[in-house]
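Asker: Produce the complete structure using the sequences and hints provided.
Residue 57 in UniProt numbering sits at position 57 of the sequence shown, with consecutive numbering throughout.
None of these hints come from the bench; they were simulated from the model.
Quick caveat: nothing in here was measured; it's all calculated off a predicted structure.
Take these hints with a grain of salt, some might be off.
Each pair of labels, with its calculated beta carbon distance range [to be verified]:
no.: 1; residue 1: Leu-124; residue 2: Lys-377; range: 42 to 48 Å
no.: 2; residue 1: Asn-307; residue 2: Val-414; range: 37 to 43 Å
no.: 3; residue 1: Lys-296; residue 2: Arg-191; range: 37 to 43 Å
no.: 4; residue 1: Val-91; residue 2: Ala-123; range: 24 to 30 Å
We put the beta carbon where it would ideally sit given N, CA and C, even for glycine.
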Amino acid sequence: MSKARILIIEDDADIVMILRLKLESEGFEAIHAPTAAQGRDLLKSGDIQVVLLDHNLPDRKGVELLEDISKHWPELPVVFMTAFSSVPLAVQAMRVGAFDYLTKPFNLDEVQVVIHKALEVRALRREVSHIRKRNRDNFGFDKIVGRGKRMTEILDISRTVAESEASTVLITGESGCGKNLIAQAIHYNSRRANWPFMTITCTALPEQLLESELFGHEKGAFTDAIERKRGLFEVGNGGTIFLDEIGDLPLALQAKLLGVLESRSFRRVGGTQDIAIDARIIAATNQELREKIEDKSFRGDLYYRINVIQLEVPPLRDRKEDIPDLVDFYITRFNENFKRNVNGLSEEAQHTFMTYSWPGNIRELRNLIERAMILGKGEILELKDFPREIRQIASPEVAQSFALPPEGINLEEVEKDFLRQALDMTGGNQTRAAQLLHLTRDQMRYRMKNL
1 MSKARILIIE DDADIVMILR LKLESEGFEA IHAPTAAQGR DLLKSGDIQV VLLDHNLPDR
61 KGVELLEDIS KHWPELPVVF MTAFSSVPLA VQAMRVGAFD YLTKPFNLDE VQVVIHKALE
121 VRALRREVSH IRKRNRDNFG FDKIVGRGKR MTEILDISRT VAESEASTVL ITGESGCGKN
181 LIAQAIHYNS RRANWPFMTI TCTALPEQLL ESELFGHEKG AFTDAIERKR GLFEVGNGGT
241 IFLDEIGDLP LALQAKLLGV LESRSFRRVG GTQDIAIDAR IIAATNQELR EKIEDKSFRG
301 DLYYRINVIQ LEVPPLRDRK EDIPDLVDFY ITRFNENFKR NVNGLSEEAQ HTFMTYSWPG
361 NIRELRNLIE RAMILGKGEI LELKDFPREI RQIASPEVAQ SFALPPEGIN LEEVEKDFLR
421 QALDMTGGNQ TRAAQLLHLT RDQMRYRMKN L
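Answerer: Given below as structure tokens:
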């Protein structure tokens, strides 16, 4: 392992000699620049881990150079040095970007401790920078498969939203159609990308716990509140807060959320102090919020507050032109994960995929490809590698003509038969069966009850 390189930007030769001896005795490589200009040249040409920067340099003030370093080498920790132990100068240096400061004459043990801490901070900064870059790469809009007209329009609007200062966004669409992915793409392609992306599913917790998760609580606010806790809105300040399944948010919390959106502030449970927030709120739902407003289970004023910009993500059955690209995308991913060499679908499987109604949307397609690549043996995924409900699509019984026979039919029996088929194909799941028949869940239940 190479030695950590410490750059000393200092014009006092005696101080430089003392620092070099100390640093080299600790196993570091110490290099020296007597002026700000020479220090900047060394920063451009060498791999520097920590900078020890004097304030009074012959050609420039150290605070000015510190601003330059913070701008061009943000991961690099700078330890500010000055013979004047004035608090205002130290505060100014820390505000501009200094990691820490030392006053002359030095305590050499303190120098050693500060250098080690600075190296740890640099490693953490580099790791965070790497994670942020990876997130931008993984959640770029180009990673969302969608070449058809409807998805192209959605992604174009999403890019515009990401670059804007829009504070609230509503994403609607069926379960499994990619709402979460679009929310993350908006976050990681915005100015908020360096701050947290916080997700909470509104159906995941009871009302009291959900309120604590959203807003935090003070010690003693309720029985189990043994210490203060920061909530989602506080931790995610500056970033994006993603409220998934907002249609299931309890009415009492809907009122509090509306207050937060209006005032851009909140209070912890049991607290008395308002906490200001600057976060983008992205809400998502697979429900018809207007219907929930009519049945009094969702607040109309909250709906109109979050519905400033709405992105309606189409279900997969309405964007079938994207299915071949999605299949290729997941086959490539699972080839890497499973060390396989699958080249695609058989012609029969391709036809079936384009015919199937995809009640589970992209999530269902992904799971089917994963299952087939685990269980299938060949380089081409055959129809036999997929579950029964998929194979039935290609069968003559399902693909029959709907022409009316001369003797007529019993329409009620035909409706019963299709209801049974839909329930059989979905393992009794009424919601998915309703999607197969292009019905709402309530319409499905109404027909089942009448028949």
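Asker: Please go over all the hints and tell whether each is borne out by the structure.
Answerer: Results for each hint:
The beta-carbon spacing between Leu-124 and Lys-377, approximately 46 Å, falls within the hinted interval of 42 to 48 Å. Checking the proposed 37 to 43 Å range against Asn-307 and Val-414 shows it holds: the Cβ atoms sit about 40 Å from each other. One distance hint, 37 to 43 Å for the beta-carbon pair Lys-296 and Arg-191, holds here, with the actual separation near 38 Å. Roughly 26 Å separates the CB atoms of Val-91 and Ala-123, a value that falls within the hinted 24 to 30 Å.
The structure shown violates none of the earlier numbered hints.
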